[in-house]
Amino acid sequence: MDFGPHLMLASLEGAVISAILVLTAMGLSIVFGVMRVVNVAHGEFFMLGAVFAWVVTTTLGGHPAIGFLAALITVPILVGCIAAGADRLILKRVNYDPDRTIVATIGILYIIQQTTLMTYGPEARPVEAPFNTRLSLPWFEFGENGFEIFWPWGLSITSYKLFVIVAAIVVLTTLWLVLTRTKIGLIMRATQQDSDTAQAFGIPVGKVYSWVFGLGAGLAALGAVLVVPIQQAHYLMGGDPLLLAFIVVIIGGLGSLPGTVIAALLIGMSDGIISVFFSPTLAKIIATFLVAMVLVFRPQGLLGKSVA
Amino acid sequence: MSKAAKSNALHLAILALLFALFFVLPAYHVGAFSRIMVLAIYAMGFNLLFGYTGLLSLGHAMFFAAGMYGFGLGISQAGFSVAPAFLTGIIAASVLALVVGYLALRTAGVAFMIVTLMFAQTVYLVILYFGEYTRGDEGFVIQSAQRVFFGIDLTTETARYFTAFVLFAICFLWAAKLIQMPFGKRLVAIRENEERARMLGYHTDSYKLRALVVSGAFSGIAGASYALLFGYVGASFSTVQYSIFPLLWVLLGGAGTTIGPLIGVIFMFYLIDISSSYTTAYMLIAGVVLVLLTLFAPQGLAGTLRKRVFPWLP
Amino acid sequence: MPNEIKKTSKINRRSALLGLGTSAGVLATAGILPGSLGFAQAQSSAPIKIGFQKHATGIGAAYGRWYGATTDAAVKRINDNGGINGRPVEVVVEDDGTDPGRGAEVLEKFANQHNCDVAFGTLFSHVVIGSAPRAGELKLPYFVVSEGHHVASGGLNRYTLQPGITDVKSQVISMAPFVADNLGKKVTMIFPDFAFGHDHRDFFSAAIEAQGGEVVAKIAIPPTETTFTRYFPSIPRETEVIYHVMVGPAVLTFVKELGEFFGPNRPELFGFIDSLEAVDIRSSGLEFLEGSYFWEGMPRHVQADQADYEKAYRAAVGVNERGASVDDEADVSTYAHMFGCWETLNIIKAGMESADYQGPQDRTKLIEAVEAMTDMPASEDHPQGDKVFNGKTHQTFGKQYISKVTDGRLVVEHTASIEDGRYEDEVDYTTQSF
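The listed protein sequences correspond, in order, to chains A, B and C.
For the first sequence, counting from 1, position 85 maps to 85 in our numbering; every step adds exactly one.
Here our numbering runs 1000 ahead of the position in the second sequence, where the first position is 1.
Here our numbering runs 2000 ahead of the position in the third sequence, where the first position is 1.
Bear in mind the hints are in silico, worked out from the structure with no lab data behind them.
Misleading hints may appear alongside valid ones.
[Claimed, not checked] Quick list of the computed label-pair ranges, beta carbon to beta carbon: (1) Met293/A / Lys2185/C: 14 to 20 Å; (2) Asn2115/C / Thr1156/B: 43 to 49 Å; (3) Gln1143/B / Asp2425/C: 49 to 55 Å; (4) Arg88/A / Phe1149/B: 52 to 58 Å; (5) Lys183/A / Pro1182/B: 33 to 39 Å; (6) Lys2365/C / Leu290/A: 55 to 61 Å; (7) Phe140/A / Glu2290/C: 53 to 59 Å; (8) Arg189/A / Tyr1202/B: 21 to 27 Å; (9) Lys2311/C / Ile1274/B: 39 to 45 Å; (10) Ile1274/B / Arg2422/C: 30 to 36 Å; (11) Glu1195/B / Gln193/A: 54 to 60 Å; (12) Leu1098/B / Trp151/A: 51 to 57 Å; (13) Arg88/A / Glu2290/C: 24 to 30 Å; (14) Gln2211/C / Phe3/A: 51 to 57 Å.
Ideal placement from N, C-alpha and C gives every residue a C-beta, glycine not left out.
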């Protein structure tokens, strides 16, 4: 493929990766931002979202869109409830102590993974996209015959991948509006800034934590339902999203949703574009190293204010 | 007995116990303890940085791997014998820790976690990228003929156990000594309040870097020992999973205690080993036990012992 | 299923005699004297314990489940036919978590805790390589079913053998003539960037050049990748054939995105079925594979000329005519690999019988007996097809199949002979001491 179309395709793929990153990271951004605890099990809520999406779509049958819509509504709520339950049952009792939370959430991770393995099994199972057409894309060139439009070999994207990008934008905008324009958002921001003062002003901080934990997990599950048609549901799929989500959230700046978006774009686009110039694994090495260096020179993250 | 004398007596008693275990344990558990002691060196290295200095790294597997590959490639590519190869492993891990520390210690808290995590990921990918020499994920075998140290065949059960024991004992006593020295006290001061330590005139950055290098060297010793004693070098030891393990061991055993890392490794090893002999769902049991421990033994096993029974515990 | 010990010791006289007949036949063709004829006078009736290192958790769990099912079926058949040397076979299962560290620990458990006679079963190469040194030190015969080139490359030791499945080097070499003659000479290879992928890259590049073809691009995909499209533009326009092999949970995404990338005008596709093992070829998004070619270790779909032994094997492991579980047609098996467990267990049986194996003191005799094996003709013991075992390199060589996707079925188009996959010995394990 020529350089121009190749770069365009890589950028489009980078945008898709960015959208996926945003969808996986936004839940963690909120949990981490408000509660300041390292939730190692966050990726498992993402995995549960994908697995439940498979369960819902296969149970309902019929046109893929029916199952997909049903999953989009029910799965995040279900996963959110599971997470809120885990918060009540376990995290609240360890007082959100940073060290103990790490061990407890590793425990939760084991429990969720093993339960999924025993019920859902070890296979990677596909969830059919509600729609998925291949869209060939044109390219322009000023050649001997002047301005030309042509359709390069392989330059294409699918309608569902475009939908994922749009969905990421819609979900994020909604989330941002809720956080900045509503009373729920106000309570969350107050708890984030100073939980003691918030408590003194009559905010039930304990309840807020459970809600936030549930919301974070629900958002991870929502992301998973949207992403699973272009990946597959597998019981170990939570590991990499967890790491990537952490990286995105910290590089964006703790608790800053716009920062999370910028970091996701930075990582996704660099992953896509660097792959144009280097062999795949070398590109990954360079991208990983460069992104780490961003943090070395800006420890508070891109839009963070102070070191946590 | 003074506190220091009591803790010295405890450390010697533990070493005597480990020495004696070889003669009483059945073959399988002798093998298991050889492995446990090697992994405990890794956990002790992690504990120096996390438990005593308060720096949480999520990338320690890169130091373990540096020791392992320094040793393994030293033998397979450079044709070294055991001693120089082992030294290469330690140097590789220490130098890597120095470089990583120079960059990563500009950050703190969660940013430090993420930077170390990503550097470790880079190291993992580098191992795969140079597959021609490392055989990537598959790894390679250190042949028995190459695992001979001054005429001692290290592939026998006895030699393996006592090599692991000697290496463990050196690191164990070294770590215990280190934290009794002013150096160790200053690390704890940094953990408790870095700002105040700096006000008191300590170059906290330099102490943190030194702690990281020692921690990396311990991890490298563990990695090289693993390759030496079990004959295998592979990229799976540089994955995130192997960065999380020492964190888990140390938190379970008790962060900031000398015996916590060993206890944590023993506990986790036998938790998996025993529960897997009762049920296929052993991860479920392990998960439940971890959750219960955080609820009922908040400072880890050794930490809780120290709080409830032996306040002098080092 | 750790420690789930199966005790099926119903040995009736008729099935014992039948079993005797079969195994004696195999041994005779293998040029080995039948071992003790004394099923009835077996000195010990204690079971023979085979440690099964299973990928029950971790990345290999989907393979592990089918390896487990095949092992159960093979052991049931062996026991129904009178066991080994008149003794029932007991399988001791331990989960290795698809991790080389745990794999080595599990071997220690087999040798020192369960007192197993032999260990067997591993698929993933890194687990094999991590465990093999311990097998050598514990002096525990270790029969792997991994298709890696690690055994024949000489990197392991005398206690590690791979008698039940052809290694990747042989598989790959035997594909080159067909690809060059029928699909095209300019090949782009897409493979995972680890040792397994590098073996494909190196062995196939050399083999296709020997056929007058060339590899025009080599695209190595980093591990744990979940999207692939951005790597496909590196496929040169002149490519006539794409050679793809991918492993792991993201394989379906990989193949789908390959189809989406090319749209209606794709080059010829030749893939290793690893790219779609345990995945239904009729899954949505895979329609473009119609007319493309796959290597198969053993044909997943029933062929027109199905042999009786293939039919019996398929029934025994509980797989229908499309290679899916008879209980759930969405549950597709790892049919191209799992026969290795079945065949390896039968080889262990034949080896033990020809060595008159009595207990762990006879382990070296067992290894020598297996090393002495050569021809293994297709039969119920070897349903994948004829094989030739090379005792020096501890590696077996068998026929390989190339199937074309035709109306959603994998139809065998070409069978590569054992000769096509031959290469020079790289090691002679028989010269190593025990």
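Hints versus structure:
no.	hint	result
1	Met293/A / Lys2185/C: 14 to 20 Å	violated (44 Å)
2	Asn2115/C / Thr1156/B: 43 to 49 Å	violated (20 Å)
3	Gln1143/B / Asp2425/C: 49 to 55 Å	violated (18 Å)
4	Arg88/A / Phe1149/B: 52 to 58 Å	holds (56 Å)
5	Lys183/A / Pro1182/B: 33 to 39 Å	violated (54 Å)
6	Lys2365/C / Leu290/A: 55 to 61 Å	holds (59 Å)
7	Phe140/A / Glu2290/C: 53 to 59 Å	violated (34 Å)
8	Arg189/A / Tyr1202/B: 21 to 27 Å	violated (38 Å)
9	Lys2311/C / Ile1274/B: 39 to 45 Å	holds (44 Å)
10	Ile1274/B / Arg2422/C: 30 to 36 Å	violated (48 Å)
11	Glu1195/B / Gln193/A: 54 to 60 Å	violated (22 Å)
12	Leu1098/B / Trp151/A: 51 to 57 Å	holds (54 Å)
13	Arg88/A / Glu2290/C: 24 to 30 Å	violated (53 Å)
14	Gln2211/C / Phe3/A: 51 to 57 Å	violated (33 Å)
Of the numbered hints stated above, those contradicted by the structure are hints 1, 2, 3, 5, 7, 8, 10, 11, 13 and 14, listed in ascending order.
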